[in-house]
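Protein chains in written order, with this note's numbering: chain A, 1 to 638; chain B, 639 to 775.
Keep in mind that the hints were calculated from the coordinates and are not lab data. Keep in mind that a hint or two might mislead.
Stated by the list, open to error - In silico DMTMM-like cross-links for lysine to aspartate or glutamate, where the CA-CA straight-line distance does not exceed 20 Å:
{"no.": "1", "chain 1": "B", "residue 1": "Lys731", "chain 2": "A", "residue 2": "Glu378"}
{"no.": "2", "chain 1": "B", "residue 1": "Lys731", "chain 2": "A", "residue 2": "Glu242"}
{"no.": "3", "chain 1": "B", "residue 1": "Lys721", "chain 2": "A", "residue 2": "Glu378"}
{"no.": "4", "chain 1": "A", "residue 1": "Lys379", "chain 2": "B", "residue 2": "Asp718"}
As the list claims (entries may be wrong) - To give a feel for the contact side, a few chain A residues facing chain B, derived at Cβ under 8 Å:
{"no.": "5", "residue": "Gly234"}
{"no.": "6", "residue": "Asp239"}
{"no.": "7", "residue": "Leu350"}
{"no.": "8", "residue": "Ala360"}
{"no.": "9", "residue": "Gly377"}
{"no.": "10", "residue": "Ser381"}
{"no.": "11", "residue": "Val382"}
{"no.": "12", "residue": "Leu415"}
{"no.": "13", "residue": "Phe465"}
{"no.": "14", "residue": "Lys467"}
Even for Gly, the Cβ is constructed at its ideal location relative to N, Cα and C.
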Amino acid sequence: MTGELGQLALCFALALSLVMAAAGLTGARSNAATARGIAHGATMGMLVFIALAFGTLTYAFVTSDFSIADVANNSHTLKPLIYKITGVWGNHEGSMLLWVLVLSLYAGLVSALGRGGPQLTSAALGVQGLLASAFILFILFTSNPFLRLDPAPFEGAGLNPLLQDPGLAIHPPMLYAGYVGLSASFSYAAAALIVGEEGWARAARPFMLIAWIALTCGIALGSWWAYYELGWGGFWFWDPVENASLMPWLVATALLHSALATERTGAFRTWTLLLAIAGFSMSLIGTFLVRSGVLSSVHAFASDPTRGFFIMMLIFCAIGGALGLFAWRAPTLKGGAAFDTVSRETALLLNNVFLVAACAAVFVGTLYPLLLDAINGEKISVGPPYYAATFAPIFFALLLLVPFGPILGWRRGDLKASARALAPALGIAAVAALAVLAIASPRFLTGVGAFAVAGWLIGASILSFIKRKGARASAFAAALAHAGLGVTLMGVTGTTLWRSEALAVLAPGQTMTVGPYTLRFDGVTQEQGPNYRASRAHIALMDGTRVQSMLMPEQRIYPAEGQDTANTAIRTTGFQDLYLALGDDRGNGRWTLRAYVSPLAPFIWLGGLVMAFGGMLSLWGRLRAGAKVPSAMAQPAE
Amino acid sequence: MKKFLFLLILLAAPLRAAPVTDTFSDPATEARARYLQRQLRCLVCQGESIDESGAPLAAELRHLVRQQMADGRSDQEIEDYLKARYGNFILMKPPLQADTYFLWLAPFLVLIGAGAVAIFVISKARRAVAELPPDLL
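Model the full structure from these sequences, guided by the hints.
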């Protein structure tokens, strides 16, 4: 019954999404109030049916209904309840359903908040409906999570143990909230082109912010997970899947900045539209990369191309359609920016130049190996050294310029006054650089430079907190977000340059040292988890002869899935992580132990949180202002 | 059979800390070895360098790198040797050659192109701002 119910709900949702598309686009005309009403109703209806389908699949996972192929392939009765639930999106079919659920939620939000004129909202719902119908078709035809198995197996195949982790349980929904959230900006941009309304950037801003916050948190969460779960202390691997989430973030960040100018002075009108289209296009491309199997190998993709081909067509239609609309309608938009060379607009423009170039580095680095393999079969790998030579200097140059943005005036800024106002930040930068020279060893020029820039960023943010009392929430939001960049930069630098590590084979009672810490190995015990067996090492962190605390890194074996994972033990002071991973059993009670001391590691994710918090502050200011004053762009109904 | 072996290696290569290998007593030489190891991709678990990987093949490659270093070969010679054996794929840093010029240049071409557009936009906006009534500034 469950499977059929879910299938039926999906079919209803498909029908409603088509209604939404037709009625929404019709409602773009000024005299079609009825169509607009229908579009709003269909949006809510679709949301209800997608939620029902998702709820049905969740129910099937929770009750271990192995007559449904997706559940049988990806779940197991012994799995703890939370991982039965998160297992819903731990597989291709379920994650696509989550994708559509998030898309529907954003459509519902667009309908409920209804920023901008009624025609703009209606057209945006129409575009959102088109996207939803395409993705529901994709699910029904190539990735149906409700397909039956006959006979139903007695036990499920289980979920990849790497995914059985609280961090990764919330990572995909968070990331999708960002990825798919960019669809709202995309729909608003397309709607603005259809209706010809200029106030779209203001209307879409809350959605840009929500998507950006979610993306920031999602990326930080994914990086943190990789750090503690993968067992070798790294936090970013320039892996294509990571890059797929970084590209939309870079474009969304550019969009947030460009839209600011569009809203305020009408500058960069067409460029902001293009960025809104590009942002969601990056999400689609990311989805294609992750979901089509093209990453594991071009040939794996070619052997079963249905899914990949479908998404490719979908991307083609969405991006092609939007760009076509752009080429057709954008020239009719009245534009023309007016600002001086030294102005906030110029700063925002430079921000976009560097962010686009940084995104280009990630884009080419991710896709070029696939292209080359497809063309002449040559296999190259694009690893961290490539990004260190391309992405890093471009992004670093951007960071140098960041503090100027918020301090320059619109249209005509005063460079001298701004430079004077920022002088104390330069002082903080110098202190940070000197501190590195005094404390850190070995002394790297990159380390000194990175800390100077971090000090510069954080210093400028502190200045704007002190000086701009009574300023609007948006000013503080920018200061927070920019300070977050500085915090993350410190974390990345500290971990990359000054990490110490030790590797030892220890018998019980033996000690090893890593950085300032002395560790005593007290042996390994065997533990039984709900669906795994663990070898748990007992490591005493020594303070002289006294045991300060115990750390217990584990090796877990998941028999159902036939895989094992390393569960690290991390002890953090907030400024420094002691990180332990248990290695091989070397016999006679001796085990390999790998230990790292990573200075400032927590700052990497703390900075991400600070950035996201800045975004939330900006969103709060926006929603509050929006609630007080009716939108200036609202048009009288007919 | 080869494919089966590959699968076996995959299964036998869980994500765990790398086994102990021989280390150089001289810290500078050891640092050089670690640097070299980070430049080489593990061919089994492709997300990692041989420095991080726990796969048996990575351990062999680490041993190979250290052996070659002990034989007095330069970084370049060692990378060339591995490239000849395993192809460009083993190098984390893609080589600069005819079919990778685009890869290496594209980010900077985009930077220059976008910069040129920005300069054009700014010069146009400057002319426009001169014509604005002063109360708008």
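Earlier hints that do not hold, by number: Numbers 9, 12, 13, 14 - these are the hints that the structure violates, sorted from lowest upward.
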